[in-house]
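Residue-level listing of the chains:
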Amino acid sequence: DQQVKQNSPSLSVQEGRISILNCDYTNSMFDYFLWYKKYPAEGPTFLISISSIKDKNEDGRFTVFLNKSAKHLSLHIVPSQPGDSAVYFCAASAGQAGTALIFGKGTTLSVSS
Amino acid sequence: DAGVIQSPRHEVTEMGQEVTLRCKPISGHNSLFWYRQTMMRGLELLIYFNNNVPIDDSGMPEDRFSAKMPNASFSTLKIQPSEPRDSAVYFCASSPTGGIFQPQHFGDGTRLSIL
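Heads up: the sequence lines are chains X and D, in that order.
The opening position of the first sequence corresponds to residue 1 in my numbering, with each subsequent residue numbered one higher.
The opening position of the second sequence corresponds to residue 1 in my numbering, with each subsequent residue numbered one higher.
Keep in mind the hints are simulated off the structure, nothing from the lab.
Watch out, some of these pointers could steer you wrong.
[As the list claims (entries may be wrong)] Covered stretches of chain D (chain X as the covering partner; in silico rule of three or more C-beta atoms under 8 Å from a C-beta of chain X):
#1 11-23
#2 87-99
#3 103-110
[Said to hold, decoys possible] Calculated Cβ distances over 10 Å to all of chain D for the following chain X residues:
#4 Ser8
#5 Glu15
#6 Asp31
#7 Gly83
Glycine included, every Cβ here is placed at the ideal spot set by N, Cα and C.
Produce the entire structure from the sequences given, and follow the hints as far as they go.
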């Protein structure tokens, strides 16, 4: 049973518009959530994270929102750029540094110019 | 700073052969993780080490898979004998251990094809 789910395999957005990627989780013990971005033939690259004690974290064009009651998080990219086209993975962890991540299956974002 | 280094980048071998994947974590990172990515199952954890000690190997699919971390700067993942269903991309990641959570940093993976 998947503990972290990304229900949209793909998303297409026009350049300059907002991209919203969604993620749901089932394990209440998760206390850190992360988003990774992956280009073909490369490893996942850390993008942004959020602790369970917060409901929002922002870093430039990227904002992650956490709704603990709904067990849902989302990544907003504003404005979207063609270089943002990649696979985005949601991941979660229950514990301090050095514990494993549970990943969703990813959402492929395509940003057209 | 050098990131996580994996070798080889690509491996093609015949069924039944032994395969060894290698990983050098980021210096100072005491946690090392092996993940496997397939179309069906996505990114799944195989095993991870803290301070060279295996902590959780429940993701290792079968006894054909084994992993070692003889020192803080090197780890191997071995498959013996290999089977076609082992074909996947294998990623190694590292992070600091303990304290405030910090993200894992990934290598570029080894694409393994078993014929």
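Here is how each hint holds up against the structure:
1. Restraint check on the region 11-23 of chain D versus chain X: 0 residues with Cβ-Cβ distances below 8 Å, three needed, restraint violated.
2. Three residues within the 8 Å Cβ limit are the bar, and the region 87-99 of chain D against chain X gives 7, so the coverage statement holds.
3. Figure legend: the region 103-110 of chain D, annotated as covered by chain X; annotation consistent (7 residues with Cβ-Cβ distances under 8 Å, at least 3 required).
4. X/Ser8, annotated as away from the interface, keeps every beta carbon of chain D farther than 10 Å; the closest lies near 14 Å.
5. For X/Glu15, the shortest C-beta to C-beta distance to chain D comes to about 27 Å, beyond the 10 Å cut-off, and the non-interface label holds.
6. In this structure X/Asp31 is not separated from chain D by more than 10 Å, as the shortest Cβ-Cβ distance comes to only about 8 Å.
7. Taking the minimum C-beta to C-beta distance to chain D, about 18 Å, the non-interface status of X/Gly83 holds against the 10 Å cut.
Figure legend: structure checked against the earlier numbered hints; hints not met, in rising order: 1 and 6.
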